[in-house]
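Protein chains in written order, with the working numbering: chain A, 1 to 606; chain B, 1 to 104; chain C, 1 to 257.
These aren't lab readings, by the way, just hints derived from the structure by calculation.
The reader is advised that the hints may include incorrect statements.
One side only, chain C facing chain B, incomplete, derived with CB under 7 Å [what the hints assert, rightly or not]:
| id | residue |
| --- | --- |
| 1 | Trp23 |
| 2 | Ala27 |
| 3 | Ser38 |
| 4 | Ala73 |
| 5 | Ile74 |
| 6 | Ser110 |
| 7 | His133 |
| 8 | Asn137 |
| 9 | Leu245 |
Straight-line C-alpha distance at most 35 Å; calculated DSBU-like pairs for lysine-lysine [to be verified]:
| id | chain 1 | residue 1 | chain 2 | residue 2 |
| --- | --- | --- | --- | --- |
| 10 | C | Lys177 | C | Lys116 |
| 11 | C | Lys109 | C | Lys220 |
| 12 | A | Lys256 | C | Lys109 |
| 13 | A | Lys256 | C | Lys152 |
| 14 | A | Lys256 | C | Lys177 |
| 15 | C | Lys116 | A | Lys256 |
Bear in mind that the values here come from a model prediction, so they are computed numbers and not experimental data.
From the three backbone atoms N, C-alpha and C, an ideal C-beta is built for every residue, glycine too.
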Amino acid sequence: MQAITHAEPHSIAHAETHHHGHTDAGFWRTYIFSTDHKVVGIQYGLTALCFLLFGFSLMLMMRWQIAHPGTPIPLVGPLLQSILGDVAAKGIMSPDLYNSFGAMHGTIMVFLAIVPLAVGAFGNYLVPLQIGACDMTFPRLNMASYQFYFFGGIIMLASFVIPGGAAQAGWTSYPPLAQVIPTNGQTFWLIGMVFLITSSLLGSVNILATIIQLRAPGLTWMRLPFFVWAQFVASFLLLLAFPPLEAAGVMQLMDKLTGSSLFLPTGLAVGGHLANISGGGSPLLWQHLFWFLAHPEVYVLILPAMGVISEIIANNTRKPLWGYKSLVYAALTLGFISFIVWAHHMYLTGMGIRIATFFQTTTMLISIPSVIILTCLLLSLWGGSIRFNTPMLFATAFLPMFGIGGLTGLPLGFSASDLHLHDTYYVIGHFHYVVAPGTIFALFAGIYFYFPKLTGRMMNEFWGKVHFTCSFIFMNVVFMPMFIQGLAGMLRRMSDGGYNYSQLNPASEGVQGTLSPFIIGLNNYILLGAVCLGLSQIPFIINLFWSIKHGQKVTSDNPWGATTLDWQTPTPPPHGNFITPPTVYRGPYEYSVPGHATDFYPQSER
Amino acid sequence: MNDSSPENFEGYGRRCLTVFAVVMCVTLAMVGVFYANLSSRPLAIGLTLAAAVVNAGLVASYLMHIISERRLIHIVLLFTGIFAAGLLVLSIGAHWSVPAGTIH
Amino acid sequence: MDIPYTIEARPDTGTYNAKIGMWLFLASEVMLFGGLFSSYILLRVGAPPGTWPHGWLNVPLGTINTCLLSLSAITTLMAWVACKTRNLARFKLFHGLTLLLAIVFLGIKSYEYRDKFHHYEVQLADGRVADGHMIENDPKADHIVLHGSYFKNHAELMERHPDEKEAELTIPRADIKHMENYGPWHNTFLAIYFTLTGLHALHIIGGILVIGYLWGPGSKMWYTNPEQFTNRIEVSGLFWHFVDLVWIFLFPVLYLM
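Okay, chain A solo, but in the shape it has when bound:
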């Protein structure tokens, strides 16, 4: 009601520009420079999926090098040599190239693929729809946000082909190493990051302001779908955690470009010689500022995924989410605590023991809200008449997969056990379980679930199930052995896959604690799993594009029988989303309400 009465005093000039800009806009205004949140969301989605595939293929090449060190990469080896030159001579990946692929795999997956997909694509497309708004609060900033992201991505990609290649010091870019590697890749990385941070700033301000200001009449905070809450918390994390990394990035740029020593300690020796620097800087400072972002970033990765999952679970169990309020408060607590756990990544830096104890405590505390969320979602399954369609399969698989990822994190949160596990494959297994079969499964679920809203057609169910089954099996083939390797002490970031420290290396004769042939042999299984995982994405890619034109047409605007406002729009939603401004009368998950004609009771139905 308020929206209607308040809409009147709008000036004519404003209304005119707004309507005029889009009725007969040409191709460029409609698809490339669009300010419509749905177009921006789709742009984000497609770009991020491309980066996801690219980041994955970097990893595939690295897995070949790990399993078969020093042998030419089949199929792509010659191509690699022709693009990158000597670092891939004869199609063999050099250690330098391995390092830069490793650094860029992390950077691309986190900053260019998952976060833009989870927040940029899903957040942009769904948040205004779910809160009954016609667009984001600042549509032009929204467009700018995508453009900054796009250019940040271009800069990152360009750094592969500059002389010396891309950044090589890991996605964490720890100085002094990051600063003394004599290439410009690191500078590109830093400038690219500044673009990405600007993009995320604009995006998060937009999502927050939209949720705060544009909720439909009657849509009180406790009637928001959990997805909106998840986006709200994730955007707050992006808003407040990214700037310290921007500060750190600016400082590292100062070091790289002006030769200052903000992160370089006194007495630093490079290549056996005392570096010609003033010194006095602190390498640890970078780690604090970096992890102040990067730990909340983990929750930016996982919260939108949990949001998508809860929508799908509530919809396909045909019953309300169990413990909606607990979910909301758990998400808020999670967001808050995630700001004060960052130094559990730094136990081995020689941090003071009292502060280490503090960070251990908060790290254990943060598992409580995570477990609450997972438990609520698990209990939501209880007694439901579950529809096992493709989105629901991904959603149910998310629960144990994220569970494994979360629980294996506990030993890393204690400084005593972390001493052994730090920087081993165990860590890689842990966070990949959270992000790959966790977040990516949730995002796959979201794509299958919302595809009919975007296009008016369903994705093919059979090939969806094939995609799910293969992905599910091979994800585990890839990541489960890493726990075993890590517990055996196999370090990450080694371009020979641990061969040097194994019993296979003749020089290790008589050395204690070397890696057994079994541990090294697991690399072959992981490579096999990774290749098969790549192949299992082919049905998805074909399905995605084929279904746009040839998928089965939906017969209603609400094919899944959902309650939230996003399904009350025409299909696909036009510019402005709703035909009449919606008003909300009830909570988001009113499924199977006794006495109601259908088994779902839409929020906007009186």
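With the hints as your guide, set chains B and C onto chain A.
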């Protein structure tokens, strides 16, 4: 501040000028502390920082109107303040009680 | 459908869209400068005793800049009040003043920067240090001329007082072991000084662009939609006050402590 008749802003303008005058005086006092060259450096730093906090508080509450904003903005700023303070205190605290012999 | 609350406040949140957007942006800016100030403190606390400089910056110029920026904060508010009371001429006057003050601030700041780049620390073969502004540095000549004074060693440079006697020093090149000007590469204090003030100066430039736009071409909106224009002035004013606020901390932290 929604009523836009000129009389309502006379008191407002006077308040702004008062804030400006106080900020100027505190700034001069701060510079005075610098030139006084106190024998105790911690005391000088404490006094200077206290003066800066007073100035910042005045500008934020009166010139940026935080004092008359609604709860929403207060909450946003409260959490921002907590996290900024957390970053400051914890990253510096990490250098406290480092076990002997583990120089970094 | 139009985006609501672009002009009038939403009743339950009490703000219009742009204002909440600006406050969220400022929250993120607080974290940006929070990170930088934390870095400053960490670097300073971590510096070995007697290696952190004191009194290296020009306090009178810093004080003048503080006054300029505080005054510009007031003129921004007066410009907003002029908009509220629908007085375009007054608005133009006060916002013009804001612009002028901001540009003078930048001028003084760039003079200070230039001063640092002309300031050399010259380490002599006999262990002493000559420190001052370069007057003659002809690569072909066998000497340099510095306006400054001699110090026993590098450590003595850390504590500077405004009343030091300076003179013109002619130093033969043969006596010079190493010389370096006061750029960010010179030591950690100057590195963080240039980072902090440089980023702040970028904010000033951003502010000048926005205020200049609203003062010039952007003020056309006054005739079509004065209410929204007034909101724009308020929101850009918030940003400008924040820039002032950062300087209120930068000045004592870098110049006085």
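Legend entry - Hinted pair Lys256/A and Lys109/C, Cα distance within 35 Å: holds, 24 Å
Legend entry - Hint check, Ala27/C versus chain B [nearest Cβ-Cβ separation less than 7 Å]: holds, 4 Å
Inset, instruction - Quickly compare the C-alpha distance for Lys256/A and Lys152/C to 35 Å and report which way the hint goes. - result: The given pair, whose Cα atoms are some 33 Å apart, holds under the 35 Å limit.
Inset, instruction - Verify the proposed pairing of Lys109/C with Lys220/C, using a straight-line Cα cut of 35 Å. - result: holds, 32 Å
Legend entry - Per-residue hint verdict: Ser38/C, partner chain B, C-beta under 7 Å: holds, 4 Å
Inset, instruction - Return the status of the interface hint for Ala73/C: holds when the least beta-carbon distance to chain B is below 7 Å, violated otherwise. - result: It holds, given that the least Cβ distance between Ala73/C and chain B is near 6 Å, below 7 Å.
Inset, instruction - Assess, step by step, whether the Cα of Lys116/C is no farther than 35 Å from the Cα of Lys256/A, and give holds or violated. - result: holds, 20 Å
Inset, instruction - Tell me if Ile74/C is really an interface residue toward chain B, meaning its C-beta lies closer than 7 Å to one of theirs. - result: Holds: closest Cβ of chain B sits about 5 Å from Ile74/C, inside 7 Å.
Inset, instruction - Given the hint that Lys177/C pairs with Lys116/C, test it: the Cα-Cα distance must not exceed 35 Å. - result: holds, 21 Å
Legend entry - Interface hint compliance - Asn137/C to chain B, C-beta minimum distance less than 7 Å: Since chain B brings no Cβ nearer than about 32 Å to Asn137/C, farther than 7 Å, the hint is violated.
Legend entry - Hint check: 7 Å Cβ-Cβ cutoff, Ser110/C to chain B: violated, 22 Å
Inset, instruction - With chain B as the partner, please determine if His133/C meets the hint condition of a C-beta pair closer than 7 Å. - result: His133/C check fails; min Cβ-Cβ to chain B is 22 Å, beyond 7 Å.
Checked against the numbered hints above, the structure violates hints 6, 7 and 8; every other hint is satisfied.
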